[in-house]
Amino acid sequence: MSFQEIAILILISLLLGLLIRRGHRENLLLVSSMVFIYWLQPGMSLRYLSFWLPTATLCLTMISWAITAQPEIRKKSKNIWTSVLIIIFVIGAGLVRYLDLGELLGFLHPPRLGQIFLFLIAVMGFFLILLNTKRISSGALWGFFSGLIFIFIIIKTPYLSQQASAVWRTLAGQSAALARTEEIRWLGFSYLAFRILHTIRDRQSGRLPDITLREYMIYIIFFPSFIAGPIDRVQNFIKDICQTTSTYQEDVIKGGERLIVGLFKKFVIADSLSIIALNNQNAIQANSTLGSWILLYSFSLQIFFDFSGYTDIAIGLGNLLNIHLPENFKQPYLKPNLTQFWNNWHITLTNWFRTYFFYPLSRTMRKSRRYSAFMILMISQISTMILVGLWHGVTESFVIWGLWHGLGLLVQNRWSSFAKSKIVQLEESFFLKGAINVIGIFFTFHYVTLGWIWFVLPEPSQGWIFIKSLFGAA
Amino acid sequence: MEENVNIKRLLAKTLILLALLTFGLIPLIKDDLGKVSLYNLFVPGRYRFPYGENPDQSFNMSLFNLEANFASHEVSDQRNSSNEFRVFLIGDSSVWGTLLKPEETLAGQLNNLGMHMPDGTPIRFFNLGYPTLSLAKDLLFLEESLEFQPDLIIWLLTLESFPDDKQLTSPIVSHNYHKFSSLINHYDIDLNSDDEVFSETTYWDQTLIGQQRNLADIFRLQFYGVMWGITGIDQHYPQDYEAAKRNFEEDTTFHDWDKGDIISDDLAYHLLNSGYKIAGKTPILLVNEPILISSGMNSDLRYNYYYPIWAYDQYRQNMQELSKENGWYYQDLWNLIAEEEFTNTAIHFTPKGVGILSERISEMIMEQIGKQPLN
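Each protein sequence line maps, in turn, to chains A and B. The opening position of the first sequence corresponds to residue -2 in the numbering used here, with each subsequent residue numbered one higher. The opening position of the second sequence corresponds to residue 20 in the numbering used here, with each subsequent residue numbered one higher.
One or more hints might be untrue.
Said to hold, decoys possible - With a cut-off of at most 30 Å between alpha-carbon atoms, the simulated DSSO-like pairs for lysine-lysine come out as follows:
#, chain 1, residue 1, chain 2, residue 2
1, B, K343, B, K54
2, B, K343, B, K185
3, A, K251, B, K32
4, A, K75, A, K131
5, A, K72, A, K236
6, B, K120, A, K465
7, B, K27, A, K251
8, B, K120, B, K343
9, A, K251, A, K73
Unchecked claim - Chain A is faced by these chain B residues, among others (derived, beta-carbon under 7 Å):
#, residue
10, V245
11, M246
12, I249
13, T250
14, G251
15, Y348
16, M385
Hints are computed from structural coordinates only; laboratory data are not their basis. Heads up, the beta-carbon is just placed ideally off N, CA and C, and yes, glycines get one too.
Model the full assembly from the supplied sequences, consistent with the hints where possible.
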């Protein structure tokens, strides 16, 4: 997001923060979030897709609510009104095609209204059937779950994404030969998928609270955290939607602090570091070992300040709207081991994978009694980290990055078990304790930083050449 | 969070702090801001001035702060200045070296010749070319460069830098209004310091907010300096470029003039005299730089895209006469380089073309040293 876009978000959040205290809190949050997902959706050369993708976001969210909500909640009339509001909003967005609004809403590029009506009739029909279904089967939940994963794989796999783009181009009457990798840019889909999958799994385990369609929609598409997280748990989020917990003045001060910090991190530190950060182009241009290390350190710091800056901005915007989003980064580069690093880096994502993949997998393996404790740990840890890697993109490099961290966590776990008693003795000395901590921070930071090579360079072979250049061997 | 935070007091304090930062820093950022630099300290000085529109690929950028331009250049590193004979090359993009690597530029190739003074002092050439065609711009750089102790200045010229209307339209000149107007007044230069291209700076322009673009540019220049240090790249070299035009329409115009007109009254020859005045005791060698002499269609009317034959010949004639009259040391190398050694314009050379020019200039320098010691 550009500085101007964030400035607009801040101004509107300040205004909304005032208005929501005077009533219509939920409606205002829902409508503003719907406006922003259309506004922030990047333009694409694929015809009408910049309209269809945010529309699909809304429809997917409606349907996911319908299959996860309890029957007695589904039947409440206010849910019908919310769905009507959403439909009216989508039709309103579609009408932009016929209004001469120039650049004001020119980014929407909607198709003909007839197509929108047909689509909405189909979605509403399906939605109403779901509302009147007494019991949603487990198979339906798993089917929807798999469908989301399927879309995710298509978007994140370069080859499949290009094929999907070619298919869309053919359907839209464009040249399929011009289809490119990563041409389909679905704003916020990763986070949308994580939140929906979280509600499906919590519904399956009976932990999902009773929430209305409007609350669910706000949770999924809440605009401050829609693009870059954090991934709040619906249970926490709902509490904030339902009640005002602090005064506007307090929220403005608290949110203002976070916004200033976030904007500084993102637009001053991260954007400056991006000039000297490792990338595909400069990896082969560095002409010295020192130069290669500078590029790598810069990337390591840039990705942290960029991402944590965005999180600060999201939390700050949330504060202005009296919604308290969870922390996502807690000084991760100052942690003495890899486990603690992951407990403090992109915390909400790590927690998501821990809750919905790592624990269930290790539990299942333990129950089967076929694996040793070490095997369970190894398989669970490595597969979890590979999945985290694949979340960033289905490529070899991200698999290696995940493997790098999975193995690192495993080795660190074994080392900690092995050295625990010895270290406890050494830590009796204040000086030695400090020294061990500093050494731990040093190694952890460098391990994570070296891992970024696989993350940033698209080809593993390029990563290997760069690693050699760091040690003067290229 | 503290419960009793008073938002009015907080706003008042914020405004006071903002006002202090905005106005209190004026003395600090007014004059010497551009001199603060990582170059020549933590990263190597650049071989040529920062210039470029494609920073992501060239690790270079254009900025108008003259001090920052010089601070990022190796010429500012004066640690060896007393042990070398310093020759500054001033001129346009042909000196700066469009499409040439630093070592392929005129200064780079002259340095590769490893020239020495008769007493053994090494001769070191500095590329102070800047890609704008304007003698006024050259004067601005010449004056600023004197701080860095040149022993000899070689000023490369071409007719396109001479028309009066080209002098003040160079962005770097108009953005350095104070410097250039004081130059005009101090050396009695026949240019209008009230020209509309100069927008008078206000007090507000000097504040932190007024200077934000300048500050951001200087800040970014330091980061690009790190990349310059790491990669040695300071220009984007496209794999393909459009070659300079060789075939022309049947057109004999030059700016607003046509064949038969006398152009000398509207060319800023007087700025060459101003250059000598500004340089004082530092000798200046004037060189009419080579141009592309086309053999294509209508080459009987035009030498190249810039110059019809009648205008260019008139200019050469004027320069010969004026240099005799004023006692300038002047070399006319207009036809030194063959047509095929030009790249994307009629004044940009291939590395081989630059090699020919550097050989000729080195001979010129040694010849001059033989006649009359330059240091």
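Verification of the supplied hints:
1. B:K343 - B:K54: Status violated; Cα separation ~40 Å.
2. B:K343 - B:K185: holds, 25 Å
3. A:K251 - B:K32: Answer holds: A:K251 to B:K32 is near 16 Å, not above 30 Å.
4. A:K75 - A:K131: Cα-Cα ~18 Å, so holds.
5. A:K72 - A:K236: It holds: about 22 Å lies between the C-alpha atoms, which stays within 30 Å.
6. B:K120 - A:K465: With Cα atoms ~27 Å apart, B:K120 and A:K465 stay inside 30 Å; holds.
7. B:K27 - A:K251: holds, 15 Å
8. B:K120 - B:K343: Since the Cα atoms of B:K120 and B:K343 sit roughly 36 Å apart, the hinted pair is violated (cutoff 30 Å).
9. A:K251 - A:K73: Between A:K251 and A:K73 the Cα gap is close to 36 Å, so the pair fails against 30 Å, i.e. violated.
10. V245: At about 5 Å, which falls below the 7 Å cut-off, the nearest Cβ of chain A leaves the hint on B:V245 intact, so it holds.
11. M246: Hint on B:M246: holds, closest Cβ of chain A at ~6 Å, below 7 Å.
12. I249: Holds - the Cβ of B:I249 comes within 7 Å of chain A, reaching about 3 Å at its closest.
13. T250: This hint holds: B:T250 lies near chain A, its Cβ roughly 4 Å from the closest one there, short of 7 Å.
14. G251: B:G251 check passes; min Cβ-Cβ to chain A is 6 Å, inside 7 Å.
15. Y348: violated, 40 Å
16. M385: The hint is violated - B:M385 has no Cβ within 7 Å of chain A, the shortest such distance being about 34 Å.
Hints 1, 8, 9, 15, 16 from the list above are not met by this structure, while the remaining hints are.
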